[in-house]
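2 protein chains.
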Amino acid sequence: MQRMEEMILTQGKVLPGGILKVGSFLNQQIDSVFLREMGEEIASLYSGSGVTKILTIESSGIAIAAAAGIVMGVPVVFAKKHRTSNVDGAIYAAPVHSFTHGIDYQAVVSTDYLTDRDTVLIVDDFLASGNALHGLVDLCGQAGARVAGMAIAIEKCFQGGGDELRAAGYRVESLAMIDSMTDTEITFRR
Amino acid sequence: MQRMEEMILTQGKVLPGGILKVGSFLNQQIDSVFLREMGEEIASLYSGSGVTKILTIESSGIAIAAAAGIVMGVPVVFAKKHRTSNVDGAIYAAPVHSFTHGIDYQAVVSTDYLTDRDTVLIVDDFLASGNALHGLVDLCGQAGARVAGMAIAIEKCFQGGGDELRAAGYRVESLAMIDSMTDTEITFRR
Numbered sequence: 001m002q003r004m005e006e007m008i009l010t011q012g013k014v015l016p017g018g019i020l021k022v023g024s025f026l027n028q029q030i031d032s033v034f035l036r037e038m039g040e041e042i043a044s045l046y047s048g049s050g051v052t053k054i055l056t057i058e059s060s061g062i063a064i065a066a067a068a069g070i071v072m073g074v075p076v077v078f079a080k081k082h083r084t085s086n087v088d089g090a091i092y093a094a095p096v097h098s099f100t101h102g103i104d105y106q107a108v109v110s111t112d113y114l115t116d117r118d119t120v121l122i123v124d125d126f127l128a129s130g131n132a133l134h135g136l137v138d139l140c141g142q143a144g145a146r147v148a149g150m151a152i153a154i155e156k157c158f159q160g161g162g163d164e165l166r167a168a169g170y171r172v173e174s175l176a177m178i179d180s181m182t183d184t185e186i187t188f189r190r
Numbered sequence: 001m002q003r004m005e006e007m008i009l010t011q012g013k014v015l016p017g018g019i020l021k022v023g024s025f026l027n028q029q030i031d032s033v034f035l036r037e038m039g040e041e042i043a044s045l046y047s048g049s050g051v052t053k054i055l056t057i058e059s060s061g062i063a064i065a066a067a068a069g070i071v072m073g074v075p076v077v078f079a080k081k082h083r084t085s086n087v088d089g090a091i092y093a094a095p096v097h098s099f100t101h102g103i104d105y106q107a108v109v110s111t112d113y114l115t116d117r118d119t120v121l122i123v124d125d126f127l128a129s130g131n132a133l134h135g136l137v138d139l140c141g142q143a144g145a146r147v148a149g150m151a152i153a154i155e156k157c158f159q160g161g162g163d164e165l166r167a168a169g170y171r172v173e174s175l176a177m178i179d180s181m182t183d184t185e186i187t188f189r190r
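Residue numbers (my numbering), protein chains in the order written: chain R, 1 to 190; chain A, 1 to 190.
Honestly, the hints are just simulated from the structure, not real lab data. The structure displayed is predicted, hence computed values, not measured ones. Positions of the beta carbon are idealized from the N, C-alpha and C atoms, including for glycine. Among the hints, a few may not be true.
[As the list claims (entries may be wrong)] Below, a list of computed lysine-lysine pairs in the DSBU-like style, where the Cα atoms sit at most 30 angstroms apart:
#1 R:K81 with A:K81
#2 R:K21 with A:K81
#3 R:K81 with A:K13
#4 A:K81 with A:K21
#5 R:K13 with A:K81
#6 R:K81 with A:K21
[Said to hold, decoys possible] Here are the simulated distance ranges between beta carbons:
#7 A:H82 with R:F34: 24 to 32 angstroms
#8 A:H82 with R:K13: 20 to 28 angstroms
#9 R:T111 with A:T182: 22 to 30 angstroms
[Stated by the list, open to error] In silico negatives: residues of chain A with every beta carbon more than 10 angstroms from chain R:
#10 G48
#11 F78
#12 P95
#13 Y113
#14 H134
#15 R146
#16 V147
#17 D163
Using the sequences provided together with the hints, build the complete structure.
Following this line, the structure appears as structure tokens:
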């Protein structure tokens with residue numbers, strides 16, 4: 001998606017430690033016009049795939065998943081990062097390690113919201129090592145749901161998670177794919 | 001908003017401790033068609049109010065804020081619940097106590113995303129004691145931004161936060177207002 005690459009080049013900022021800051025349009029602040037375009041792009045990529053549900057994980061994937069859900073007209077489920085008082089009853093849970101925050105957590109979803117009748121599109125903002133996505137795939141597996149594929153705003157290809165998921169047979173669509181980045185240059189894969 | 005009341009009556013569930021579970025359409029799972037309607041309702045309530053930005057707090061307000069942002073065409077900013085490695089530079093911070101989770105946290109937003117040129121619509125899923133909203137109002141005050149008002153999916157009137165904010169001069173619009181609830185009956189204020 002050319003507009004995503006332009007937004008990254010004009011508004012993104014590379015921070016020490018290989019972090020790409022896109023807070024002005026994708027994270028802390030979301031450009032709503034662009035958000036709608038992302039939703040339309042994702043819907044277009046997965047049209048005809050029989051998607052019945054979108055699955056994401058709190059919190060930075062929620063807006064993108066909601067935008068895609070609004071265009072596709074399917075429910076959006078978000079996995080929580082730990083068990084809270086608002087999740088009652090039976091749950092599926094999968095362990096995830098976050099490199100960004102240096103912590104381990106459980107991705108948790110109620111068994112009510114993911115079933116063996118679902119065909120799931122997994123949506124997230126970033127794909128790096130792929131740990132969060134593996135956790136979400138694990139949740140789908142526990143529910144007996146089919147995974148139609150994944151839609152990601154920005155993939156950091158150099159961290160390998162996306163190619164590993166593709167090699168494992170999953171469809172992974174990223175709106176921008178970064179092959180390399182330094183504080184002066186960002187190179188995209190096309 | 002009549003549809004919100006219907007959704008609460010048909011799909012909501014009152015849990016012990018005065019928690020209203022609306023996970024099937026508003027929290028863990030979001031009904032996308034209804035989400036779009038919420039966005040349209042909020043946009044309609046605040047049309048002509050000069051809103052330049054929507055402010056919410058992670059994570060359960062994000063989808064509603066995104067839906068309203070998409071309809072209104074204004075950026076959505078979400079305050080984070082603690083300082084993470086993805087928020088660099090200067091920030092505004094306000095203390096918030098969460099009754100639901102029994103914890104205190106900081107609501108944090110980068111100074112880049114909230115300015116004295118902004119007229120802010122604050123959006124959240126629930127309004128009970130109003131602590132989170134007070135934190136978000138505090139952030140707007142620190143930035144010198146004007147608060148146009150608040151749009152809330154569900155207000156628990158019996159916890160008093162909404163009426164307190166109205167008494168303080170804020171415009172508070174709630175899509176459903178619950179005057180009382182037990183596990184067998186929910187009464188709405190109209």
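Hint-by-hint comparison with the structure:
1. Of the supplied pair hints, the one linking K81 (chain R) and K81 (chain A) holds, its CA atoms being roughly 14 angstroms apart against a limit of 30 angstroms.
2. Simply put, K21 (chain R) and K81 (chain A) have alpha-carbon atoms about 18 angstroms apart, close enough for the 30 angstroms limit, and the pair holds.
3. Distance restraint check for K81 (chain R) and K13 (chain A): the Cα-Cα separation of roughly 22 angstroms lies within the 30 angstroms cut-off, and the hinted pair is therefore satisfied.
4. About 22 angstroms separates the Cα atoms of K81 (chain A) and K21 (chain A), which keeps this hinted pair within 30 angstroms; it holds.
5. Proposed proximity of K13 (chain R) and K81 (chain A) is supported: the alpha carbons are some 22 angstroms apart, at most 30 angstroms.
6. Restraint check: the Cα-Cα separation between K81 (chain R) and K21 (chain A) comes to about 18 angstroms, which is no more than 30 angstroms; the hinted pair holds.
7. With their beta carbons about 27 angstroms apart, H82 (chain A) and F34 (chain R) fall inside the hinted range of 24 to 32 angstroms.
8. Distance hint check: the CB atoms of H82 (chain A) and K13 (chain R) are about 21 angstroms apart, consistent with the given range 20 to 28 angstroms.
9. Between T111 (chain R) and T182 (chain A) the CB atoms are about 27 angstroms apart, so this pair conforms to the stated range of 22 to 30 angstroms.
10. Separation of G48 (chain A) from chain R is adequate, the least Cβ-Cβ distance of about 18 angstroms exceeding the 10 angstroms criterion.
11. Its beta-carbon lying about 6 angstroms from the closest one in chain R, F78 (chain A) breaks the requirement of being farther than 10 angstroms from that chain.
12. At the 10 angstroms boundary, the C-beta of P95 (chain A) stays outside the reach of chain R, the nearest C-beta of that chain being 19 angstroms off.
13. Under the 10 angstroms C-beta cut-off, the non-interface status given to Y113 (chain A) relative to chain R is violated; the minimum distance is some 4 angstroms.
14. Interface exclusion of H134 (chain A) from chain R stands, the closest Cβ pair being 20 angstroms apart, more than 10 angstroms.
15. For R146 (chain A), the condition that its CB be more than 10 angstroms from all CB atoms of chain R holds, with the nearest at approximately 18 angstroms.
16. With a cut of 10 angstroms on Cβ distances, V147 (chain A) stays outside the contact zone with chain R, its closest approach being about 18 angstroms.
17. Non-interface status of D163 (chain A) relative to chain R is upheld: no Cβ of that chain comes within 10 angstroms, the nearest being about 24 angstroms off.
Hint compliance for this structure: hints 11, 13 are not met, and every other hint is.
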